[in-house]
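Q: Residue-level listing of the chains:
There are 2 protein chains.
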Amino acid sequence: MRLLEDRIRIDGKVKDGDVLKVDGFLNHMIDVRFVAELGREFYRLYGSCGVNKILTIESSGIGVACLTAQFFDCPVVFAKKAKTTNIAPDTYTASVASYTHGNVNEILVSKEYLGPADKVLIIDDFLARGNALLGLMEIVKKSGAELVGAGIVIEKAYQDGGEKVRNMGVRVESLARIASMSVENGIEFCD
Amino acid sequence: MRLLEDRIRIDGKVKDGDVLKVDGFLNHMIDVRFVAELGREFYRLYGSCGVNKILTIESSGIGVACLTAQFFDCPVVFAKKAKTTNIAPDTYTASVASYTHGNVNEILVSKEYLGPADKVLIIDDFLARGNALLGLMEIVKKSGAELVGAGIVIEKAYQDGGEKVRNMGVRVESLARIASMSVENGIEFCD
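Read top to bottom, the protein sequences are chains A and B.
Residue 174 in numbering that gives the first Met the number 0 sits at position 175 of the first sequence; the count goes up by one each step and never skips.
Residue 85 in numbering that gives the first Met the number 0 sits at position 86 of the second sequence; the count goes up by one each step and never skips.
Warning: the hint list may mix true and false statements.
Treat identical chains as interchangeable: a pair holds within one or across any two.
Here are the simulated BS3-like cross-link-like pairs (lysine-lysine), alpha carbons at most 25 angstroms apart as the crow flies [what the hints assert, rightly or not]:
#, residue 1, residue 2
1, K82, K14
2, K118, K140
3, K140, K163
4, K141, K14
5, K140, K14
6, K118, K80
7, K163, K82
8, K20, K79
9, K79, K110
10, K118, K163
11, K118, K82
12, K140, K12
13, K14, K118
14, K14, K110
15, K80, K20
Hints listed in this document are in silico derivations from the structure and should not be mistaken for laboratory results.
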């Protein structure tokens with residue numbers, strides 16, 4: 000998506016440790032009008048798939064998920080990061096390793112809000128190693144819901160998460176795919 | 000707001016420990032169409048105040064803030080809970096005690112995204128003791144921005160947070176104000 004690539008070129012900051020900061024429009028300040036355009040694009044891609052629920056993960060997925068859900072006219076469920084090791088029995092859970100924070104989070108979704116009647120689109124801001132996405136997929140599977148696919152804002156295509164998930168037969172649509180990135184040479188997008 | 004009070008009566012669950020769970024439409028599953036109506040009401044209340052930025056706090060404020068910001072056609076900034084004790088020098092910070100989680104969080108906003116040119120509306124899901132709101136107000140003050148007021152979805156009016164902040168001369172508009180609440184007797188709203 001050209002609009003997004005241009006915005007990343009202008010506002011994205013590449014930092015040491017393979018970090019792309021997009022705090023100016025997505026991860027700290029949310030440019031709501033712009034992010035709604037991303038949502039419109041997800042709707043163009045998945046609008047005919049019967050999606051009745053959007054699933055994301057706190058915190059940074061929530062904004063884009065809500066602005067996308069308006070086009071689908073469906074609710075958002077966001078997986079929570081468990082604050083305690085006592086997981087309530089009425090939840091679906093999965094373990095997600097966080098590269099950014101160097102720890103493992105247990106994520107959970109209440110059984111009340113996801114089940115076999117649901118056709119789920121997963122929305123998230125980043126896809127790199129795929130840990131968050133795989134965790135959300137595990138929760139969808141446990142719930143018996145149907146997974147329609149995943150809508151990702153920015154994919155680091157030089158990491159293996161996207162390939163791994165696509166090889167599992169899951170449709171993944173990323174609005175910007177980064178081919179390479181470095182502090183010295185900036186960002187190259189996939190063709 | 001009658002629409003919201005009715006929804007709380009139907010979907011809200013009062014739990015021991017003075018907890019009101021509204022996971023079914025606000026805090027875990029987000030009923031995006033409904034929450035956008037709350038945003039429309041905040042716009043009715045604050046639409047003439049020149050708001051150019053909405054400030055909230057992760058995670059549960061983000062959805063309602065984004066859906067509200069669409070009416071104001073302005074960006075959302077969400078304060079982050081610090082993951083480390085090393086706070087970057089380019090941030091405004093405040094300490095917020097969490098009743099729910101029994102701990103103290105340092106919250107932060109990058110100086111890049113809030114400053115003297117801003118007229119800020121704070122949006123949050125709950126107001127009880129007022130700790131989160133006071134923390135956000137401290138950040139607004141440190142930034143030199145002008146605070147227009149606060150828009151709260153649910154205020155526990157029997158706790159002192161709302162009174163405390165209003166006594167400081169800050170406009171606080173809460174869409175539902177709970178007068179009393181208990182597992183035995185359910186929820187009573189203020190007139």
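Q: Run every hint past the structure and note whether it holds.
A: Right, here's what the structure says about each hint:
For the identical chains of this complex, K82 and K14 are inter-copy neighbours only, at 18 angstroms across copies versus 29 angstroms inside a copy, given an alpha-carbon limit of 25 angstroms. Only within a single protomer do K118 and K140 lie at most 25 angstroms apart by alpha-carbon distance; the minimum there is 11 angstroms, versus 45 angstroms between protomers. In this homomeric assembly, K140 and K163 come within 25 angstroms of each other (Cα to Cα) only inside a single copy, at 17 angstroms, whereas the closest approach across copies is 47 angstroms. In this homomeric assembly, K141 and K14 never come within 25 angstroms of each other (Cα to Cα): the closest approach is 37 angstroms inside a single copy and 27 angstroms across copies.
Taking CA atoms no more than 25 angstroms apart as the test, K140 paired with K14 passes in neither setting, with 35 angstroms inside one copy and 30 angstroms between copies. For the homomeric pair K118 and K80, the shortest alpha-carbon distance inside one copy (23 angstroms) is at most 25 angstroms, but the shortest distance between copies (32 angstroms) is not. Neither within a single protomer nor between protomers do K163 and K82 lie at most 25 angstroms apart by alpha-carbon distance, with minima of 29 angstroms and 29 angstroms respectively. With identical chains, the CA atoms of K20 and K79 are at most 25 angstroms apart both within one copy (23 angstroms) and between copies (14 angstroms).
Proximity of K79 to K110 under the C-alpha cut-off of 25 angstroms is restricted to the intra-copy arrangement: shortest distance 13 angstroms within a copy versus 28 angstroms between copies. Taking the shortest alpha-carbon separations for K118 and K163, only the intra-copy value of 22 angstroms comes in at or below 25 angstroms, while the best inter-copy value is 45 angstroms. For the identical chains of this complex, K118 and K82 are neighbours neither inside a copy (28 angstroms) nor across copies (34 angstroms), given an alpha-carbon limit of 25 angstroms. Neither within a single protomer nor between protomers do K140 and K12 lie at most 25 angstroms apart by alpha-carbon distance, with minima of 36 angstroms and 28 angstroms respectively.
In this assembly of identical chains, the alpha carbons of K14 and K118 never lie at most 25 angstroms apart, being 37 angstroms within a copy and 31 angstroms across copies at closest. For the identical chains of this complex, K14 and K110 are inter-copy neighbours only, at 18 angstroms across copies versus 39 angstroms inside a copy, given an alpha-carbon limit of 25 angstroms. Both within a single protomer and between protomers do K80 and K20 lie at most 25 angstroms apart by alpha-carbon distance, with minima of 22 angstroms and 17 angstroms respectively.
The structure does not agree with the numbered hints 4, 5, 7, 11, 12 and 13 stated previously, though it agrees with the rest.
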